[in-house]
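Peer 1: This is what each chain is made of:
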Amino acid sequence: MIMSNRAGLIAGLVLLIALLFMPQIASHIGLAISVCTEVLLYAIAAMAVNLLLGYTGVLPFGNAAFFGLGAYGAGLTIEYLHVGFITSIVLGMAAALVGAVLIGPFLLRRRGIYFALLMIAFGQVFYFIAYRFTDITGGEDGMNFARPAIEGLGVVLKDQQFYYAMLVVFALVVIGFLLLVRSPFGRTLVAIKENEVRARYLGLNTDRFIFVALLISAIMEGLAGACFGLSIMFAYPLMLDWHNSGNIVLMTILGGSGTLFGPFIGAVIFVVGQEILSTHWIWWQIPLGALFVACVLGFPKGILGTALDLFSKRRGGFAFEARELVHGTKLSEREIIP
Amino acid sequence: MAHIAPEIFNGLILGAFYAVVAIGLSLIMNLTGTINMAHGSFMTLAGYLAFAMVSAGTSYWFALFAAPILALIVGVLLERTLIRPLYRRDPVYSLLLTFGLSLIAEETYRLIWGDNGVPFSPPLALQGAVSLGFTYFPTYRLFIAGVLLVIIVLLVLFLQRTRLGLRLRAAVQDNEMIAALGTNTQLLYMMNFGLGILLAGVAGVLASGMLGLNAQTGNALLMPAFVTVIVGGMGSVFGAVAGGMLIGLTISIVTLYIPAASEIAMYVLMAVILLVRPRGLFGEEGIFG
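From first to last, the protein sequence lines stand for chains W and S. With our numbering applied, the first sequence has no gaps in its numbers, which climb one by one up to 352 at the end. With our numbering applied, the second sequence has no gaps in its numbers, which climb one by one up to 1003 at the end.
FYI, nobody ran anything at the bench for these hints, they're computed from the structure. The reader is advised that the hints may include incorrect statements.
[Claimed, not checked] Now the in silico label distances, taken between C-beta atoms and shown as ranges:
1. 226/W / 842/S: 54 to 62 Å
2. 972/S / 185/W: 56 to 64 Å
3. 320/W / 802/S: 48 to 56 Å
4. 972/S / 178/W: 44 to 52 Å
5. 991/S / 219/W: 21 to 29 Å
Glycine residues also receive a C-beta, built at the ideal position from the N, C-alpha and C atoms.
Excised from the complex, chain W in its bound form (with noise of 0.2 Å):
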């Protein structure tokens, strides 16, 4: 346990050091900054995937809804309500979480592949919203809005700026992310994950905790999704599109779902792979779609998942404690993946 926090701390620094220089090394392989501050937004999407799929086990192929939510949430109360920075994340936060607790109760009937059929159906729902109130949201076009003001400081904040807001963000929602799996209610949901069946039995009331995981990982949507479209000062209806869904569950999965760093590895390969294909081929769905074929086929638990198998066979005993610090907290060997 101290071992492996000592490893992690370390590990997070090694990837703040990184992140800090992000901006310089991707101008080097000329990759926008915009980029890297997907990067690290998508990351976030996929963490609060992660929160659902790899620590509580119910699937939410429909979490764009709420990413979408958080970036029109953002974007409508800027253009109408004029509200300031902080304030519009905040909203589109707030938005993000009311869809949630609309569908919620709608999806908490169910498990299994019913609770991801009605999350595919239920998601879809705002992405029609978005596309037909054409007056308010600028339906099919989407809808361009300023990025305003930081509250009482009257700043704008450039995009390298905002890259590194970003990034504070991020290392805050790390260290939430940590300390929520790590607490009691973080066990709570391993252990649903594990055996609802059991934890029923127990005595605790599953259907509120996997709702309350859905609301926090509404929020987190949110808070990507809102950040996003202060980003690019854009909000499209395909943000909501279960297209999108599928590109942020792909994410966590590639890397390793059910680990803490797995979702950010995935980010990281897919937006800058995403980049760089479709500058240069036309055609780069085939690619991605590819892609999603050999992460099933070929790494089904995740790069991260991939590299812990393979580091346990070669140090057995040791392999616990570093599982424990990707992992965030102490898993058994079968519940990285189902």
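Chain W is fixed; fit chain S onto it per the hints.
Peer 2: Here is chain S on its own, set in the frame of chain W:
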């Protein structure tokens, strides 16, 4: 009333499409736990194959028959190679895999047939309109209604009255038991998947003549089909038909009065039905019939 009657017919036809697609989705989902996100792509595939055949000079009737079968062959090949290894794993994997396949498929269609839709009209014999006494109605849509009705009836007979249909229903209930009793369940899964794709293929060919044919034709029908599965009750053929009709009617009537709210009305309907009947209209999980 005169202006609403054609909308009711259109709604019922749309509903029949949703029902046929939803039955295919439901068959695959109930037996193997796979949510087939590529279902819409198979519909589009059959549509484009039929278009290619008709362009090459074959008759429409041959294409209507052959294109779904070709789609079925593609589907079964994919099931055997890519999807089957995932049956024992968490549903997230088959969901992501079929999602990836649909991305590849869509882009491939755009590569071959272009970004914009292709003109694919029904044969001359099916063009024009028929008088129904109080209103005129396009012949092609009546033809669609007839074909879909026949398909649904044949499907119910197959599931209820044949040994294979019995085995399929039994496998949904307890696939280990039916395997122990000597049925080759892998073969059963393959046929079940093929049946779902065949239904999607026929719906795809018919729909592309009515709704237009582009890379998104199938996907446009996929989301209402998911809603149909939920509204009708998962695993119920009768529920899928009733749910599909209800949704088709709702969409077409709401479109007449408030066009912007047509899809949203579908979700309101779904929410209300789930509040009243949490398992859908005829939901009895895992049983076809």
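Peer 1: Taking the hints in turn, state whether each one holds.
Peer 2: So, going through the hints one by one against the coordinates:
Distance hint for residue 226/W and residue 842/S: a CB-CB separation of about 60 Å, consistent with the stated range 54 to 62 Å. Roughly 47 Å separates the CB atoms of residue 972/S and residue 185/W, a value that falls outside the hinted 56 to 64 Å. The beta-carbon spacing between residue 320/W and residue 802/S, approximately 19 Å, falls outside the hinted interval of 48 to 56 Å. With their beta carbons about 46 Å apart, residue 972/S and residue 178/W fall inside the hinted range of 44 to 52 Å.
Range check, residue 991/S to residue 219/W: about 24 Å between beta-carbon atoms, so the 21 to 29 Å window is met.
Violated hints, in rising order: 2, 3; the structure is consistent with all others.
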